[in-house]
Amino acid sequence: MSSTSFDNTKNFMSEEALAGHDKLEDPLKNNENCLTEKEKNEIWINAGFEMIATFFFILLIYLCQKDISKFIFGMWIILVFFGKFSGAHLNPAITLGFYVHHGNYRKNFFKFVMYLLAQFTGCVLGVLCSNFLMRQVIYIEIPTEKNIFQIIFSELFFTGSFFFIILFCCEVTAPSKKSYINCIFIVSWFYVIVNAGAYISGAAFNPAVLSTMNLFAVLYNIDSAQTNLFKLLMMILGQIVGVVMFALIYKHLFFKYYFFIKKIQDEKKKIKESRV
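Residue numbers (the working numbering): 1239 to 1514.
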């Protein structure tokens, strides 16, 4: 899982930029809001990997029969393997979160849309393949005894906190320089929130997986899936609000606080070393 899947442009205050500040160039050539042909081609390739990763993600859900203890290791493998290619978002909500977090919305919009298309396509292909091979319909069961506010809060908080952990493990705040170790933190939190949220909202946390699997269940005339369409829409709303909210919390609160504390710790360390 990589946060660099959006906006790899250089800092406009980098040494390279400052060194050439006096050069007069056509402003259209260096328009940071425009994608080059090379960047567009890379996005097509990355979106292809994202579709394949999401396809395997769906297959994994079916093969593990929604058993999170079996599923979690397979998810870790998908993140580690596909993370280097597409970032392995596997989830439109996560893609939206990165889109909000990195900004530069005009330039990143094409990649945002391509990733969404790739994820929904991967989900549809995965569900079709799984239903054909296993002759079994699996969908997210939304608890009927929970009210709509409990369901929305569950999806909002758990999806948002999941994205927060992803940001923490993919940005400069990452606990390790090894991506496979950081992915362990990500899947560990996912294991926690699935177990915690399953009894409240069904623990979907993914608009593509939730909508695709449940709409296919509706097509197969499964009653419980048909009666929960309104709750399904509210769950997706909660997921979207959750990732946007936690993306802003990380960017404008946690990130600044983290480096403020880190600066204090570094200064204390220097003082301690100078006394030795």
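These are calculated hints, taken from the structure and not from any lab test. Given the structure is predicted, the values throughout are model-derived calculations rather than measurements. Honestly, I wouldn't trust all of these hints.
Said to hold, decoys possible - Derived DSSO-like pairs: lysine-lysine, alpha-carbon spacing no greater than 27 Å straight-line:
no., residue 1, residue 2
1, Lys1415, Lys1489
2, Lys1415, Lys1500
3, Lys1506, Lys1494
4, Lys1304, Lys1384
5, Lys1415, Lys1322
6, Lys1507, Lys1494
7, Lys1489, Lys1384
8, Lys1322, Lys1345
9, Lys1501, Lys1489
Said to hold, decoys possible - Cβ pair distances, simulated, as ranges:
no., residue 1, residue 2, range
10, Ile1499, Tyr1458, 26 to 36 Å
11, Leu1467, Glu1505, 26 to 36 Å
12, Phe1348, Ile1487, 41 to 51 Å
Glycine included, C-beta positions come from ideal geometry on N, C-alpha and C.
Checked hints:
no. : hint                          : verdict
1   : Lys1415 / Lys1489             : 21 Å, holds
2   : Lys1415 / Lys1500             : 17 Å, holds
3   : Lys1506 / Lys1494             : 19 Å, holds
4   : Lys1304 / Lys1384             : 21 Å, holds
5   : Lys1415 / Lys1322             : 14 Å, holds
6   : Lys1507 / Lys1494             : 20 Å, holds
7   : Lys1489 / Lys1384             : 33 Å, violated
8   : Lys1322 / Lys1345             : 21 Å, holds
9   : Lys1501 / Lys1489             : 17 Å, holds
10  : Ile1499 / Tyr1458: 26 to 36 Å : 53 Å, violated
11  : Leu1467 / Glu1505: 26 to 36 Å : 56 Å, violated
12  : Phe1348 / Ile1487: 41 to 51 Å : 27 Å, violated
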